[in-house]
Amino acid sequence: MKKSEDVLKVVDISRTYRSGEVTVNALKAVNLTIAQGEFTAIAGPSGSGKTTLLNIISGLDVPTSGHALLAGRPISEMKGSELSDFRRDHIGFIFQAYNLIPVLSVKENIEYIMLLQGIGEKERLSRVVSILEQVGLTGMEDRLPRQLSGGQQQRVAVARAMVSGPDIILADEPTANLDSHTGASLLNIMRELNETKGMTFVFSTHDTMIMERAKRLVLLKDGEIVKDEKRQ
Amino acid sequence: MVLVKLAWRNVLRNKRRTVLSGLAVGITLACMIFIDGIYIGMLESMIRTATDTLLGQGQIHAAGFRDTIEVEKTIHNTEGIAESLGSEKVLSGYTERTVSVAMLSSAAGVSSVLLYGIDPETEKRISMIDEAILKGHYLAPEPGGQILIGSKAAETLELETGDRLVLTAAQADTGQLSQEMFRVAGIFQMGMREIDRGIAFIHINQSRELLSLGNATHEIALKFRNIDDAGNRSLPFWETYSQSGNEALGWRDLIPQLDGVIELSDTSTTITSSMVFCIVAVIIVHTLFMSLYERMFEFGVLRAIGTRPLSMALVIFFEAASLAIVSIIIGLLLGMCIMYIFSVYGINYRGIEFAGVTITELIYPVTTLRQFTFFPALIFVFSLVAAIYPAVFAARLTPAKAMRRTL
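These protein sequence lines are chains R and Y, in that order.
To convert a position in the first sequence, counted from 1, into the numbering used here, add 170.
To convert a position in the second sequence, counted from 1, into the numbering used here, add 1.
For reference, chain R alone in the conformation it holds in the complex:
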């Protein structure tokens, strides 16, 4: 897969919702560029528009105006199977409540996207073994999600998001359901993957720990970026 210097480019994105008679401007002409290898936290109070922004970035929602380019492709204009395939191949998702497929084992959950991609069994197995080692879950391949702790489930979710080598990993409050120790441990794993593998992470978060450890902090307020700070 050809990597672009800027993995993500959001250009003048606005999103307006109608709620009965009321019109809500969730995003107002937002511009944002994420380069490969960034570890970015998008933070802000509830209703600031961070969820809407991530939805549009991932193609789960469409902007009222403006456009988003992911890996150089206009994701906002894609539909149906093309959009599904694009998400499958270019975006890794980590959700707040783990959201593993409960009837599939750890190995099968991680394999799922690779199966959709048509990757051969040998390659799949090799990647699963490798990624489980990276997230510290070696030996738990055959367990079902319900047999894992919350932290372990979230690590499986990280492994699932990463295993197909996406251009960007979008994480929605990944530590929200974890205690601080488990959350810190998970964050360490993600930070390490970012540093060693050059994976690009974008978080939507309230968690100060993520904000503190992010290499870049984007603050949203009332649908506008009010602060965009890069750190080392």
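Since the hints were derived computationally from the structure, they do not count as laboratory data.
Mixed in with the good hints, there may be bad ones.
Claimed, not checked - To give an idea of the interface, some chain R residues facing chain Y are shown, with a C-beta separation under 10 angstroms as derived from the structure:
hint: 1; residue: N225
hint: 2; residue: S228
hint: 3; residue: M248
hint: 4; residue: G250
hint: 5; residue: F256
hint: 6; residue: R257
hint: 7; residue: F265
hint: 8; residue: A267
hint: 9; residue: E281
What the hints assert, rightly or not - Once the Cα atoms are required to be at most 27 angstroms apart in a straight line, the calculated DSS-like pairs of lysine-lysine come out as:
hint: 10; chain 1: R; residue 1: K179; chain 2: R; residue 2: K391
hint: 11; chain 1: R; residue 1: K198; chain 2: Y; residue 2: K402
hint: 12; chain 1: Y; residue 1: K402; chain 2: R; residue 2: K179
hint: 13; chain 1: R; residue 1: K249; chain 2: Y; residue 2: K402
hint: 14; chain 1: R; residue 1: K277; chain 2: R; residue 2: K367
hint: 15; chain 1: R; residue 1: K292; chain 2: R; residue 2: K367
hint: 16; chain 1: R; residue 1: K179; chain 2: R; residue 2: K198
hint: 17; chain 1: R; residue 1: K391; chain 2: Y; residue 2: K402
hint: 18; chain 1: R; residue 1: K385; chain 2: R; residue 2: K397
hint: 19; chain 1: Y; residue 1: K6; chain 2: R; residue 2: K277
hint: 20; chain 1: R; residue 1: K292; chain 2: R; residue 2: K277
hint: 21; chain 1: R; residue 1: K292; chain 2: Y; residue 2: K6
hint: 22; chain 1: R; residue 1: K397; chain 2: R; residue 2: K198
hint: 23; chain 1: Y; residue 1: K16; chain 2: R; residue 2: K277
hint: 24; chain 1: R; residue 1: K179; chain 2: R; residue 2: K400
hint: 25; chain 1: R; residue 1: K367; chain 2: R; residue 2: K391
Nothing here was measured: the structure is a model prediction, and the numbers come from that model.
The C-beta atom is built at its ideal place from N, Cα and C for all residues, glycine as well.
Mind docking chain Y on chain R? Use the hints.
Below, chain Y without anything else, positioned relative to chain R:
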């Protein structure tokens, strides 16, 4: 393959719901199997009763005889036909009869009857007269002034075995009345009012003499090796013997009302099946939607991480197929049990008259291959058809809406 695995495991995920839905559909299938089996059993019994009691599985007459029962209308070339019938491989037997309207008189009263002249020996192979004797005995092989009357006629005429009666009938050609005294050899009961009240049997030779028929015959009753041949209108046999002023008819034409019942049964089976399968469709749709709504967020996640809309629809179809397989297994097992139980004990509809035929025996369900192949296949297909709506619903789910709370 992963979609099949996903679907199957989802079906097993809520075992109680799967078992309940499977039971509902399975019971429906079992009912279909049983209803079909008992319907076939009842029809076979009715056909058997109608043909074996007296009628025979087919008959040959002079054309028009059945409409008028005129004594003069005898079968043309009886001897030639009888010889030819003897070499017919499809037949297991035949018997000659005379049929005329007659009057029975006793000290207590008179009663008009349809008088059958029968050959006591060959008749045994065709009808059940000999088995239906309630009192006394069957006709002797040789003529001897004996008569068999039905139990209802015996009541009306206040006759018992050994009593005498006078039989009056019109002779052929001249139309002159002929009278002769007979002794009641036996009283029969076939369980069919018309027969028990309105039919009497004497030896065919005496009947021919009484009616001045010579060696002529009014009716040849037939029994086939395979009863299906008797009901097959396209069998060349009928055409062969429907020549020279004679007509040969199978039981379908002799008892058209019973044939109508069979056609009606096919229609009603189709209607019943349609209704039953609508119920199946509702159960399947309901179950799939319950399962779908329960896993809405999960479906949203599957869509978000790259599952195509078509694959989402396939998951639903595979779930419907899995549910159908579970249901079919339950249905077949239940169906087999029910069929076995009723094939041992039967259902007692005896005495009920339907389409002119009185059911005289226990009804046993008939098992056919169709019940255990075609009906399950229909359930399977209907389940998939029923899954179209939820499948389209799943395919159209947008991840954001499905997940409610989104990224």
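| request: Against the structure, test the hints numbered earlier, and report the numbers of the ones violated in rising order. | output: 3, 25
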